[in-house]
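In order, the protein sequence lines correspond to chains A and B. For the first sequence, the numbering used here gives the first residue as 1, with consecutive numbering after it. For the second sequence, the numbering used here gives the first residue as 1, with consecutive numbering after it.
Because the hints were derived from the structure by calculation, they are not lab data. Owing to the predicted nature of the structure, the values given are computational and were not obtained by experimental measurement. Among the hints, erroneous ones may be present.
[To be verified] Only some residues are given here: those of chain A computed to face chain B with a beta carbon under 10 Å: (1) N3; (2) V41; (3) S46; (4) D68; (5) N70; (6) G172; (7) H506.
Beta carbons: idealized from backbone N, C-alpha and C, even for Gly.
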Amino acid sequence: MNNTVKTDVLIIGAGPSGLATAIHLADLLKAKGIEKQILVVDKGQSVGSHILSGAVIKPQAFRELLPDVNFDEIPFDSRVSSDDMYLLQEKGGSIKMPFHPPYMNNDGNYCASLAEICRFLAAKATEKGVEIYPGFAISDIIYNEKGDVAGAKCIDTGIDHHGNKLENFVEGTRIEAALTIFAEGTRGSLTKKLVAKKNLAQGKNPQIYSLGIKELFSVPEGTIKPGEVYHTMGFPAMNDNVFGGGFIYGLKDNKVALGLVLGLDFVDPTYDVFRAFQIWKTHPFVEKFVKNGRLLEYGAKTLPEGGYYSLIKYYTNNAMIVGDSAGFLVMPALKGIHLAVYSGMSAAKTACDAFVANNFTEEVLKNYEQYIKQSPIYKEMYKCRNFRQGFSKGTLAGIFNFGTQILTGGAGFVGKLSTHDDHSYTKPINETKKPLFKDKSERYPIDKPYNFNKADDVFYSGTHHDEDQIVHLQITADIEYYSKENILKYGAPAQYYCPAEVYELHTDKNTGHQEMRIHAENCVHCKTCDIKEPNGAITWNVPNGGNGPDYKYM
Amino acid sequence: MALTIISLIKQVPLPSEMRMGDDGLMDRTKAKSIINIDCQFGLEAGLQLKKKYPDARMIACSMGPASFENALKTAISMGYDEAYLLSDRKLGGSDTYATGLSLSTMLRQMGFSKDSKEPFVIVAGRQTSDGDTAHVPSQVAEALGIPQATFVERIEANDDGTITARRIIEGGYQMLKLQMPCVISFTPTGIKPRKPSLLGAIKANHSKVAIKSVDDIGMSEEAQKLIGINGSPTIVAGIENIESDRPPVVMASGNNQDQLVDSLIENIKKGGNTLVKKEAKEKKEVDTAGFEIVDLRGDNKGILTWAEVVGGKIARPSIELLTPARHLAEQLGGDTKITTVLIGKNVRPLAQTLFEHGSDHVLVVENDKLEEYLILPFAEIITQIIQKQKPEIALFAATTAGRELAPRIGMKTGSGVTADCTGLEIGDYIDKKNKRIVRPILHSRRPTYGESKLATILGFVYPQISTARAGTFAVPQRIEGRSGEISEFTTELSQGTYSTQILETVRGEGGLASLFEADIIVAGGRGTVGDELKLVKELAEALKAQGLKAEWACSRVVVDEGYAEYARQIGQTGKTVRPKVYVAIGISGAIQHIAGIKESGKIIAIDQNPKASIFRYADFGLCGMYQDIVPELIEKVKQGFTFGLEKK
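If we strip away everything but chain A, and leave its shape as in the complex, we get:
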């Protein structure tokens, strides 16, 4: 049976970068009178269901992307009305910072649900003739005889845990495309394969990541005004020598979005960002926003924080990489949405050039790099090119490094600061200085009504996975090696860092034998395991289409 679809452009992922590519390309082609089919495929059950962000958004990119749309039509939640930074102290105090750290001013920005924005963008794209298909997971890249990208293939469905075909087996559709755009978001599973095959990270800093934990609350009238924005530094991360901070955003209809974003380059194998987030909420400064609230949604996502020097080579013959997948995110503002849009628009310009030239090789696709350099992306990322690396040796060192970078226009005193893969920072459990986070966190009980355990929170992510499929999280290391290394030497860090309780260390009562049990059905697709597991021993693959979280207003 014919199982192949041919298209001109395949965009994998209906997030801001993928949709911006689609919209801008549709506009450019229309202006040139060229008709091409643009397919956008997303693994979420609907557009937006896998989209999570803070979010405070710089709106200018949207004005440029949608020149024909009345700006007020874009469903931003509310304009930022106040914007304060607080340093939280361990003992419960909080100090308002008298000024904003550079590059962190949110004047003129908007609080928003990125899921909502994406639904809007998808509607606009559809109006422009783009075809969007949510609910389909793409598991493989198709290469042509030259070894160049030629499209992609959806996952086969109707198979059991062991990969045997069931009676309702459906072979995944093959999509052959002149041009494939990888817009998978952070740590894309296909992008990871493409980067390895095409050596796209050569000469670059390894990408480093943060993990953001977010909850959305409904709160009593008067708790927070729409557009009220707070960022926090300090407690609880600073004393743990972990990079990052918190955010609290007031939204309309008495909702508050809050979260904690922490770097994954921590050394303590028992460090648990989810727990740190729950502890953070107990700080009086944060507590006042949630103590009478009702939890609406929960989610987690990783962010590529490496910055300029971690950007991979974002094009190869017949393919381009946009948004978080490529590493377009600017620190310290922690903003990637407008860069995702700009990168998508740059990729669209390149794609248009390629269609005009009927040439999809690097010869034309290298224009992508030029368009990026002309866009605000380059300016914003370049001046902060060393920001994040400076914090890998601790917060104080980071602040010192950052200070020198501001003075020197981003270079600092050493030129290019390097990074290492996040998992390589994790220390063996015996070499970790006491107190371990695991022990320390006992001192902060998380038993308030607004505290949740992972299992309860996962319920609020709406995540779901089909029973009949191969477990999408695979321990790729030899099982004995894994036992010796990851479980014994490192103390099975997955049970701590995973924010969705996917990993359970099970100890047999009689024999004392320990094994890692994987509850893949809990997964919220944040990919922390793929990033942080020592020795890179866990691989995150796509599960069936439509599986995963069901974010509504994240």
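Chain A is fixed; fit chain B onto it per the hints.
For chain B alone, coordinates are given in the frame of chain A:
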């Protein structure tokens, strides 16, 4: 021979999505819509049939508002070729009779009926989650004049153009051989519905659903009077909330099996949550001054029931049925008689049992060909009897036979049918529009919306037909020596009536009465087949050793897969038990299983899936792995833990 496969589907709100709103009411507006689960299994069965007939034309049909297009597009993305939606304001409020009538009119107009030259098969879901009637497939089959098989799990296409269907029946299954064209409705236990392919989704996106109005399908003016809210033979007279009779579950907490089991034991000691009963709201009285009282029954009189014969005996639900029948007869008063139809081979001696339980008159239809129940001849015979006897009410037990028979007969007599009733009363209908009170009229009460509401349904075409849920009504007190009138009914049926052949009937043996007497039952489900229920049995043994009346049992899947004999099966198609404590291990909690355990004292659920629906019905829950938790529990029992039961 080009085969056409037609799938009838309905779009329903996703039950798990229906969250409680701030006002404490179910918020249906935010609920996502899906294709009704049973219908999805019907769709899949159609696609499986296509494997045998690769050239088959695949059609999906539905009736409902324009939003149902989504469901039809999903059908295309799964592999169907064409989609038709019957959508018309005139159809709003249609009951199942009107739905069956309208859908069959559309199909007939498309060229599908018993006279079609080309073969076709209609696949459908057994029932919908928002209606639970299971009527429409039978009604469509009758309206098109073609054979049917309902409650089917799997089908096999034979080389001679027939279809072999595995039909679920009480206590087992039956293999039927059907001629095409036919209607087959599927239970959600067969081959799981496939995921749509991207190729299919693209095709669906580029294809159009044909939307048809009542006028488009050439429905006669006469027939148009029978549809919509005003034409339907039945109406919903009222809906009440059913207060849950079990408080919310108390879940065990802990990080390992020791803590979890300790927590469970602690919870059981403390006792579960208590149920807070809400005050019932007072009903508004309608001012009926000046209303005329009318009796619409005409010359219809008396109550008719059907006695189902299984294995040479009258099935228990058919005897239970005589309880509401007697109650209604008394309420109707005068000389209202209960006539019971008894069909089979050498069944005459069974009449005495019926008399002793309340029948006044038994009509015997004996024929060697009727030894086993078959929908077509039985529906034809009972319809003929109804037309001759003119009862005002006809009752059937809501068994797999009764639930397909009643709607098929109703289609012949023009009656609406109320399915699976748990209450049957005689009352009034206050007709505000016409300022009149219809009296007497049958109030059929039935749970709906996943057992959360109790609807009262009234019918205005005689006989008023209802099916009564098995196990709801008690068996009437037997009066030894009570007798009644017995007479014979003879009829000749056409050869076509016997076109469906029973190849095999498999019913599990009864037995294991100890399950009815046990104080505590430990039951294993799919999650326990890994060690062939070894730990389940051990836990039951340990409880016995403590001097408790304990027994082990299982869910249907365990029997199906051959790990236990049928006599141990609990649930709708197995035993209904009511022990003081029911321990469900590795049982997901399908509604069919819950039906068999609802009356238990305390329900304790252990399953590794936190979302398993068993936890919604349990008093105490523990989320953990079978092989970790149960050994721990056995240890505790050996140390004297008895789930709060007194040792004998």
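Now the hints, each set against the structure:
About 6 Å separates the beta-carbon of N3 of chain A from the nearest beta-carbon of chain B, less than 10 Å, and the hint is met. At its closest, the beta carbon of V41 of chain A sits 7 Å from a beta carbon of chain B; the interface hint therefore holds under the 10 Å criterion. At its closest, the beta carbon of S46 of chain A sits 9 Å from a beta carbon of chain B; the interface hint therefore holds under the 10 Å criterion. Residue-level restraint check for D68 of chain A is violated (minimum Cβ-Cβ distance to chain B is 24 Å; threshold 10 Å).
The beta carbon of N70 of chain A is not positioned within 10 Å of any beta carbon in chain B (closest approach about 28 Å), and the interface hint is therefore violated. Annotation: G172 of chain A was flagged as interfacial toward chain B, and the flag holds, the nearest CB pair being 7 Å apart, inside 10 Å. The interface hint given for H506 of chain A holds, since its Cβ lies 7 Å from the closest Cβ of chain B, which is under the 10 Å cut-off.
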